[in-house]
Amino acid sequence: MLEELNCETVFTIPVFGGIGISESTVVTWIIMAALVLLAIIFVRNLKVENPGKVQLLLESGIGWAEDFFRDVLGEKGKVYIPYLITVLIYLAVSNLIGILGFKPPTKDINVTAGLAIMSMVLIEFAGYRAKGVKGKLKSFAEPVAVVLPINLLEIVIRPVSLCMRLFGNILGSFVVMELIKAIVPVLIPIPFSFYFDIFDGLIQAYVFVFLTALFIGETTE
Amino acid sequence: MSTLIAIGAGIAVLTGIGAGIGIGIATSKAVDAIARQPEAEGKIRTTLILGCALAEATAIYGFVIALLCIFFLK
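Quick mapping for you: the protein sequence lines, in order, are chains A and B. When you line the first sequence up against the numbering used here, it's residues 366 to 586, in that order. When you line the second sequence up against the numbering used here, it's residues 61 to 134, in that order.
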């Protein structure tokens, strides 16, 4: 079981002394390919008049997501919505892909760390873009100058906690599921799988994106 | 040595107590609030999920520390 926890290197690209490609990267490529393919298939026959059932479903889904993020981000943050929806879809698929027998890429701490760093860059960039360099620097000393070190620490703490939350949850549910499967392999894991694999994965994808949106809304305010 | 590591990991996981109590209180208050104002259910749910995620983070930190104890203290 311990081997299951590590992410192994699948193959090595023979440039610059060998770049190791780990399993999570390969699964991510598969997810990317599938999502891009689905996106192309679904948007191929869009019509303004008499939209089909699939188009209506897509439109209501995207409309729901946009409304949700607009509530959190405010009017100023509207440009960040496509990125957030992309991350939401990617995280939802990668948390659920354990059902299909792949290893979820979010079980690798490097993947969640990368996503969290991207969120951090986006949050800070959004702050500078909305307030200008001077205004953003000034906002570190608000509401009083004493909180300056805390505000500076927050830049680092936010991505660390985003990264650890996602990684810990997915790894934790994976470990619990493996333990249950090791004790009783038939029938009993099914209800647990609904909670740990499906519900928890979706909630964590939602929480990650929601928190990123919340932080962006906070800095652009 | 391995016994001590196991005990340490067990102690680290005790952080789950705090998260459990916190999420329990938050959920009971949310149920109260929904019972009082059923029309505000959507807003209450978003806030509840956010609060639960933040409270749960402490338990997750404990869990990660426990895993690090087991893997890196051999």
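Some clues are possibly wrong.
Calculated pairs, PhoX-like style, for lysine-lysine (alpha carbon to alpha carbon, straight line, at most 25 Å) [said to hold, decoys possible]:
| # | chain 1 | residue 1 | chain 2 | residue 2 |
| --- | --- | --- | --- | --- |
| 1 | B | Lys103 | A | Lys441 |
| 2 | A | Lys418 | A | Lys496 |
| 3 | A | Lys443 | B | Lys89 |
| 4 | A | Lys441 | A | Lys496 |
| 5 | A | Lys468 | A | Lys418 |
| 6 | B | Lys103 | B | Lys89 |
Not close to chain B: a few residues of chain A, all C-beta gaps over 10 Å, as computed [stated by the list, open to error]:
| # | residue |
| --- | --- |
| 7 | Gln420 |
| 8 | Ile427 |
| 9 | Gly466 |
| 10 | Met483 |
| 11 | Ala506 |
| 12 | Met529 |
| 13 | Leu536 |
| 14 | Gly537 |
| 15 | Ile568 |
| 16 | Val572 |
It should be emphasised that the hints constitute simulated quantities derived from the structure, not laboratory data. The beta-carbon is built from N, C-alpha and C at its ideal position, and this holds for glycine as well.
Against the structure, the hints:
Simply put, Lys103 (chain B) and Lys441 (chain A) have alpha-carbon atoms about 21 Å apart, close enough for the 25 Å limit, and the pair holds. Distance hint between Lys418 (chain A) and Lys496 (chain A) is unfulfilled; the C-alpha atoms sit about 43 Å from each other, more than 25 Å. Using a Cα cut-off of 25 Å, the hinted pair Lys443 (chain A) and Lys89 (chain B) is violated, with the two alpha carbons roughly 32 Å apart. Our distance criterion of 25 Å between C-alpha atoms is met by Lys441 (chain A) and Lys496 (chain A), whose separation comes to about 11 Å.
As the CA atoms of Lys468 (chain A) and Lys418 (chain A) are separated by approximately 33 Å, the hinted pair breaks the 25 Å bound. Only pairs whose Cα atoms come within 25 Å are accepted, and Lys103 (chain B) paired with Lys89 (chain B) is accepted, the gap being roughly 14 Å. No beta-carbon of chain B comes within 10 Å of the beta-carbon of Gln420 (chain A); the shortest separation is about 26 Å. Non-interface status of Ile427 (chain A) relative to chain B is upheld: no Cβ of that chain comes within 10 Å, the nearest being about 19 Å off.
Against the 10 Å criterion, Gly466 (chain A) stays outside the reach of chain B, whose nearest CB is about 24 Å from its own CB. Every C-beta of chain B lies more than 10 Å from that of Met483 (chain A), the closest at about 19 Å, which supports listing it as non-interface. Distance to chain B confirms Ala506 (chain A) as a non-interface residue, since its nearest Cβ pair spans about 25 Å, more than 10 Å. Once the 10 Å rule is applied to beta carbons, Met529 (chain A) is inconsistent with being away from chain B; the minimum gap is 6 Å.
Residue-level check failed: Leu536 (chain A) sits 7 Å from the nearest beta carbon of chain B, not beyond 10 Å. Its closest Cβ contact with chain B, about 6 Å, brings Gly537 (chain A) to no more than 10 Å, contrary to its assignment away from the interface. The non-interface label for Ile568 (chain A) is inconsistent with chain B: the shortest C-beta to C-beta separation is roughly 7 Å, within 10 Å. Not every Cβ of chain B is farther than 10 Å from the Cβ of Val572 (chain A); the closest lies at roughly 4 Å, contradicting the non-interface assignment.
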